[in-house]
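Engineer: Let the sequences and hints guide you as you build the complete structure.
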Amino acid sequence: MGLQRPTGEALVETIRQRTGHGFGNARLLQTALTHSSAVRAAANNERLEFLGDRVLGLVVAEMLFARFPDAREGELAPRFNALVDAKACSEVGLELRLDELIRGAAALKSQKAAPARSYLSDAVEALIAAIFIDGGFDAARSFVLRYWEPRADLVVEKPRNPKSELQEWLAQNGAARPEYAIVGREGPDHEPVFTVSVSALGFAPSLATGRSRQVAEEAAATAFLVREGVYEATKVSQ
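For the sequence shown, the working numbering assigns the number 1 to the initial residue and increments by one for each residue that follows.
I should point out that these hints are in silico values taken from the structure, not numbers from a laboratory.
Any given hint could be a false lead.
Stated by the list, open to error - Each computed EDC-like pair below joins lysine to aspartate or glutamate, with the alpha-carbon atoms no more than 16 angstroms apart: (1) Lys87 x Asp53; (2) Lys163 x Glu179; (3) Lys87 x Glu179; (4) Lys163 x Glu228; (5) Lys87 x Asp99.
Unchecked claim - Computed spacing ranges between beta-carbons, pair by pair: (6) Gln214 x Glu168: 15 to 23 angstroms; (7) Gly8 x Gly184: 33 to 41 angstroms; (8) Gly8 x Pro192: 41 to 49 angstroms; (9) Ser36 x Gly174: 46 to 54 angstroms; (10) Asn25 x Ala175: 43 to 51 angstroms; (11) Leu201 x Pro69: 40 to 48 angstroms; (12) Val183 x Ser36: 43 to 51 angstroms; (13) Arg146 x Pro69: 17 to 25 angstroms; (14) Arg146 x Val183: 25 to 33 angstroms; (15) Ala204 x Ala171: 12 to 20 angstroms; (16) Glu91 x Ala10: 22 to 30 angstroms; (17) Val193 x Ala66: 16 to 24 angstroms; (18) Glu62 x Gly20: 14 to 22 angstroms.
Quick caveat, the model's predicted, so the values are computed rather than measured.
Where is the CB? At the ideal position from N, CA and C, for every residue including glycine.
Structural biologist: What follows is the structure in structure tokens.
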């Protein structure tokens, strides 16, 4: 017999206990916790995931901006990327025990590898969006700060030249040279914000943003190294 997951008001109460937000719209909450692989599901969380990613980014950026008033952008970017990436979101999902609540194909959740846990990251972002829609920005912000603020003092130790470090590490592991590509540019010409992707054969791409292409590429390389366990987040010296 399959695992019996709470639905309706039981699910609302479970999430209230874990997030602090009491949903008024139980159907919206159920959708946020429904993966696209769920059979016979009327809706899934893909659209909510898109919105939640943006809400999370805004709250985390605001939090870091206020928390580190003297930090330059080159210091803030690695912190930001480490806090909003799939690994961080999956860790929050595990802390919330969302794996007990998500509707999806059994095979999806039976895999133990980190890439297979992306459904947790997706669900966390969708949950943020659902809280935003159900309770407004303040409710979403309160939830994000509750789970991300304790992680804010974790900082990536930025190598002297993360792009060179990444290229050397890939070479040692028999992989091709990293490839960088601009996937987005926003803002006015005098103050652009670049989004850069770095990829290598056999590895998932890593994204980062910066006020210049160089800053974005270094941040993407740093995020790649952190994700692969080459560099670890360490506690900021007090």
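Engineer: Taking the beta carbons of Gly8 and Pro192, is their distance inside 41 to 49 angstroms?
Structural biologist: Check passed, 47 angstroms falls within 41 to 49 angstroms.
Engineer: Is it true that Val193 and Ala66 lie within 16 to 24 angstroms of each other by Cβ?
Structural biologist: With Cβ atoms ~19 angstroms apart, the hint holds.
Engineer: Quick one, are Lys163 and Glu228 close enough, alpha carbons at most 16 angstroms?
Structural biologist: Given pair Lys163, Glu228 holds - Cα atoms ~14 angstroms apart, limit 16 angstroms.
Engineer: Given the hint of 46 to 54 angstroms, check if Ser36 and Gly174 actually sit that far apart at their C-beta atoms.
Structural biologist: Violated, since Ser36 and Gly174 (Cβ atoms, about 34 angstroms apart) do not stay within the stated range.
Engineer: Honestly, do Gln214 and Glu168 meet the 15 to 23 angstroms range at C-beta?
Structural biologist: Holds, at about 19 angstroms.
Engineer: Just tell me: holds or violated, for the beta carbon distance of Val183 and Ser36 against 43 to 51 angstroms?
Structural biologist: violated (23 angstroms)
Engineer: So does Asn25 sit 43 to 51 angstroms from Ala175, Cβ to Cβ?
Structural biologist: holds (46 angstroms)
Engineer: At the C-beta level, are Leu201 and Pro69 separated by a distance inside 40 to 48 angstroms?
Structural biologist: holds (41 angstroms)
Engineer: Can you let me know if the beta-carbon spacing of Glu62 and Gly20 is within 14 to 22 angstroms?
Structural biologist: holds (19 angstroms)
Engineer: Regarding the pair Lys87 and Glu179, is the alpha-carbon distance no greater than 16 angstroms?
Structural biologist: violated (22 angstroms)
Engineer: Taken at face value, is the distance from the CA of Asp99 to the CA of Lys87 at most 16 angstroms?
Structural biologist: holds (15 angstroms)
Engineer: Below or equal to 16 angstroms on CA atoms is what counts here, so check Lys87 against Asp53.
Structural biologist: holds (13 angstroms)
Going down the numbered hints, you'll see the structure goes against 3, 9, 12, while the others check out.
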